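Asks: Residue numbers (our numbering), protein chains in the order written: chain A, 1 to 314; chain B, 1 to 336.
One should not assume that every hint holds.
[Said to hold, decoys possible] Pairs of lysine-lysine residues, derived as DSS-like cross-links and limited to a Cα-Cα distance of at most 27 Å, are as follows:
id, chain 1, residue 1, chain 2, residue 2
1, B, Lys222, A, Lys63
2, A, Lys47, B, Lys88
3, B, Lys47, B, Lys65
4, A, Lys63, B, Lys82
5, B, Lys132, A, Lys47
6, B, Lys288, B, Lys65
7, B, Lys88, A, Lys146
8, B, Lys222, B, Lys146
9, B, Lys297, B, Lys111
10, B, Lys124, A, Lys63
11, B, Lys181, A, Lys63
12, B, Lys65, A, Lys47
13, B, Lys82, B, Lys116
14, B, Lys293, A, Lys145
15, B, Lys288, B, Lys111
16, B, Lys189, A, Lys52
17, A, Lys63, B, Lys140
18, B, Lys82, B, Lys297
19, A, Lys47, B, Lys181
20, B, Lys88, B, Lys271
21, A, Lys146, B, Lys65
22, B, Lys222, B, Lys82
23, B, Lys189, B, Lys146
24, A, Lys52, B, Lys181
25, B, Lys132, A, Lys146
26, A, Lys145, B, Lys132
27, B, Lys259, B, Lys222
28, A, Lys47, B, Lys297
29, A, Lys145, B, Lys179
30, B, Lys88, A, Lys63
Since the hints were made in silico from the structure, they are not lab data. Keep in mind the model is a prediction, meaning the values are calculated, not measured.
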Amino acid sequence: MAITLKRKNPVDLVFSFITALASVTVIIFIIGIIYVLISESSLAIEKFGIVKFLSSTEWNPVKEDFGALTNIYGTVLTTFLSLLFAIPVAIGIAIFVTEIAPNFLKGPIGVAIELLAAIPSIIYGMWGLFTLSPIMSSYVEPFLKKITSGIPLVNILFQGMPMGIDILTASVILSIMIIPFTASIARDSFNLTPDVVKESAYSVGATQWEVVKNVILPYSKLGVFGGVVLSLGRALGETMAVAFVLGNNHRITMSLLDAAATITVTLANEFAEADNDVYLSSLFYLALVLFVMSFITLAIAKFFLLKAERKYSR
Amino acid sequence: MKTIFRLALVAALVFSFGQAGAAQMLNGAGATFPYPVYSAWAYDYNKVTGVQLNYQSIGSGGGVKQITARTVDFGASDDPMKPEDQAKEKLLQFPAVIGGVVPVANLENVKPGQLKLDADTLCKIFLGDIKKWSDARVTKLNAGLKLPDGEITVVYRSDGSGTTAIFTNYLAETCPAWKEKVGAGKAVKFPVGIGGKGNEGVANYVKRTANSIGYVEFAYAKQNKLDYTQLKNKAGNFVEPGFASFEDAAETGDFDAKKGFYLWLTNAPGKQSWPIAGATFILLAREKTDTNKQTVKFFDWAFNNGDNKAKELVYVPLPKSLKDKVRAYWKASGIQ
């Protein structure tokens with residue numbers, strides 16, 4: 001190791017040993033978690049295999065037949081929709097804070113965004129159930145149903161009774177939760193654009209819109225993308241906020257007004273009372289699937305962020 | 001240095017108290033449903049005897065696991081354990097308190113207790129076979145009521161729970177189609193409907209959604225004044241959920257000490273019995289005679305003094321005949 005090559009005094013040696021130990025524990029934890037997930041799910045892996053488990057829509061504790069597809073579908077769909085709602089708002093916030101807002105507004109807005117990130121997710125869940133969901137069921141969803149009713153294909157998305165307990169409401173809650181993450185990373189990336197470049201654009205007569213569109217966004221797109229993927233990771237793993245308003249239904253539906261289930265919600269709901277081995281093992285298997293999904297998204301995010309950093313430091 | 005010394009002193013004191021208290025402590029874990037009544041009993045018992053009872057409501061599945069692993073003095077479960085499993089894990093089992101499940105509906109112009117259903121219609125509604133309240137099979141039972149034409153929304157419990165276990169056992173027992181298509185358990189694959197998390201989730205969805213029907217624990221329905229329904233019982237009478245109908249179910253149910261009281265208290269034969277009832281059980285490790293005696297002392301005290309407290313919290317105490325059976329079981333097992 002490089003640190004041992006240099007001659008060091010004893011205090012430094014002890015110090016570096018302790019810090020190294022601290023870092024190693026993280027790796028041990030990750031290995032431990034992977035080990036437990038794999039060993040606990042081995043029974044389900046043996047019984048259902050990989051392809052069958054991932055492609056089966058069955059989730060039937062009584063018949064002990066389990067498949068992950070309905071859960072994966074719910075997870076991916078709510079995550080995708082929440083990003084769809086959150087990204088434009090978050091980028092809007094970031095542009096406003098970095099470029100447009102007068103200085104005295106920048107502080108309060110920044111604090112408000114960070115406060116949004118500090119609210120525990122269970123509170124989002126309760127708020128969603130008691131406040132947002134009635135609003136969705138009595139105003140937003142009937143409205144969406146009405147305007148889409150004549151359009152073929154699109155009206156399939158809004159079939160069924162508007163109950164406020166559905167994929168749409170869950171995605172809206174999720175998007176509110178991830179806005180602060182995307183917004184603050186986007187803001188930091190925008191701030192990386194050198195002032196010289198911006199000022200030269202203004203000096204040749206570019207408007208604010210043109211500067212944002214042609215200078216800042218191209219400059220920071222990799223950073224923003226990394227932020228988006230980080231929020232995606234957060235949305236994938238979110239549990240409590242979704243559990244209250246998603247309806248927890250192991251079915252694949254086309255309509256956004258139907259109930260669905262995500263991996264984390266299924267785990268939270270069913271873990272405590274899973275009473276036979278295959279059931280419990282399948283829940284662990286589901287957790288393993290989520291772990292792999294999160295791992296891949298975070299790896300992609302890291303890749304883009306690193307690429308962005310390299311580009312700016314040049 | 002002085003601070004460290006003080007800290008050590010405090011730590012030593014705390015630990016010594018912990019040691020001293022250990023002998024006077026009973027540890028239990030399991031079902032969440034009876035948690036309020038067990039802790040209320042434990043509070044009163046502690047005042048009288050000084051014995052502390054520490055009950056962790058980690059869920060029935062957890063309770064069974066903990067007592068099987070012998071990490072607690074007693075386990076608690078809403079699921080009756082089969083006699084062969086009791087023998088295999090060397091456990092004793094007895095009922096402690098009665099609860100039940102009540103269908104609740106949200107129908108305009110229909111007051112609590114007015115809607116009448118029988119096992120067959122309830123089953124067909126939850127199967128998605130009866131889709132509207134105006135269906136002839138429902139209106140036939142409710143001649144005097146004006147039922148809406150709207151589509152029925154079914155609400156079920158999405159988290160695994162004893163409530164779902166009791167409810168689905170009732171449907172599976174009374175309705176062959178349910179048994180074949182869905183089955184019974186703490187979590188099942190419901191053919192239609194949306195899932196609420198916990199009693200409060202189900203109640204919230206039902207209150208919110210017109211023409212919906214769900215099921216919640218009796219105590220929850222009563223405390224929140226939900227629109228419960230009447231049900232036709234095995235004897236052919238329509239009954240309302242209440243202390244009397246639950247007690248009648250517990251009294252006429254065939255609890256057998258030889259089977260360690262294994263029984264799903266659904267469809268009890270009594271004239272006034274509420275058909276969807278269930279007992280919640282205590283599990284003891286057979287070989288731990290000394291701690292079992294302590295646990296039994298607590299429950300014996302609760303059987304003698306705890307009925308009013310239980311009713312206050314909307315739990316149904318065991319009827320006297322059943323308490324006597326349980327006491328005889330304790331004696332026979334040599335723990336009283």
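Asks: All hints, please: hold or fail.
Replies: A quick look at each hint next to the structure:
1. Between Lys222/B and Lys63/A the CA atoms are separated by roughly 34 Å; this puts the pair beyond 27 Å, and the hint is violated.
2. Between Lys47/A and Lys88/B the CA atoms are separated by roughly 26 Å; this keeps the pair inside 27 Å, and the hint holds.
3. The suggested pairing of Lys47/B with Lys65/B is violated, with an alpha-carbon distance near 30 Å, which exceeds 27 Å.
4. For the given pair, Lys63/A sits about 19 Å from Lys82/B by alpha-carbon distance, which is consistent with the 27 Å threshold.
5. A distance of roughly 40 Å separates the Cα atoms of Lys132/B and Lys47/A; the hinted pair therefore is violated under the 27 Å criterion.
6. Note on Lys288/B and Lys65/B: the hinted pairing holds, with a Cα-Cα distance of about 17 Å set against a maximum of 27 Å.
7. Between Lys88/B and Lys146/A the alpha-carbon distance is near 61 Å, which puts this suggested pair outside the 27 Å criterion.
8. Distance restraint check for Lys222/B and Lys146/B: the Cα-Cα separation of roughly 24 Å lies within the 27 Å cut-off, and the hinted pair is therefore satisfied.
9. At roughly 44 Å between alpha-carbon atoms, Lys297/B and Lys111/B are farther apart than 27 Å, so this suggested pair is violated.
10. Under the criterion of a C-alpha separation no larger than 27 Å, the hint pairing Lys124/B with Lys63/A is consistent with the structure, at around 21 Å.
11. Restraint check for Lys181/B and Lys63/A: the C-alpha separation of about 10 Å stays at or below 27 Å, so the hint holds.
12. Proximity of Lys65/B to Lys47/A is assessed by CA-CA distance (about 23 Å); at most 27 Å being required, the pair is judged to hold.
13. With a C-alpha separation of about 33 Å, the suggested pair Lys82/B and Lys116/B falls outside the 27 Å cut-off, and the hint is violated.
14. Simply put, Lys293/B and Lys145/A have alpha-carbon atoms about 64 Å apart, too far for the 27 Å limit, and the pair is violated.
15. Between Lys288/B and Lys111/B the alpha-carbon distance is near 52 Å, which puts this suggested pair outside the 27 Å criterion.
16. The straight-line distance between the Cα atoms of Lys189/B and Lys52/A is roughly 19 Å, inside the 27 Å bound, and the hint therefore holds.
17. At roughly 35 Å between alpha-carbon atoms, Lys63/A and Lys140/B are farther apart than 27 Å, so this suggested pair is violated.
18. For the hint linking Lys82/B to Lys297/B, the alpha-carbon distance of about 25 Å falls within 27 Å, and the restraint holds.
19. For a cut-off of 27 Å, the pair hint linking Lys47/A to Lys181/B stands: about 22 Å separates their Cα positions.
20. Between Lys88/B and Lys271/B the CA atoms are separated by roughly 37 Å; this puts the pair beyond 27 Å, and the hint is violated.
21. Of the pairs offered as hints, the one joining Lys146/A and Lys65/B is violated, with about 52 Å between alpha carbons and a cut-off of 27 Å exceeded.
22. Taken as a hint, the Lys222/B and Lys82/B pair is broken in the structure, with Cα atoms around 31 Å apart against an allowance of 27 Å.
23. Simply put, Lys189/B and Lys146/B have alpha-carbon atoms about 32 Å apart, too far for the 27 Å limit, and the pair is violated.
24. Restraint check for Lys52/A and Lys181/B: satisfied, since their Cα atoms lie roughly 22 Å apart, inside the 27 Å limit.
25. For the hint linking Lys132/B to Lys146/A, the alpha-carbon distance of about 24 Å falls within 27 Å, and the restraint holds.
26. For the hint linking Lys145/A to Lys132/B, the alpha-carbon distance of about 22 Å falls within 27 Å, and the restraint holds.
27. Between Lys259/B and Lys222/B, the direct Cα distance comes to roughly 32 Å. Violation of the 27 Å bound is thereby established for this hinted pair.
28. Taken as a hint, the Lys47/A and Lys297/B pair is broken in the structure, with Cα atoms around 46 Å apart against an allowance of 27 Å.
29. Of the supplied pair hints, the one linking Lys145/A and Lys179/B is violated, its CA atoms being roughly 37 Å apart against a limit of 27 Å.
30. Between Lys88/B and Lys63/A, the direct Cα distance comes to roughly 24 Å. Compliance with the 27 Å bound is thereby established for this hinted pair.
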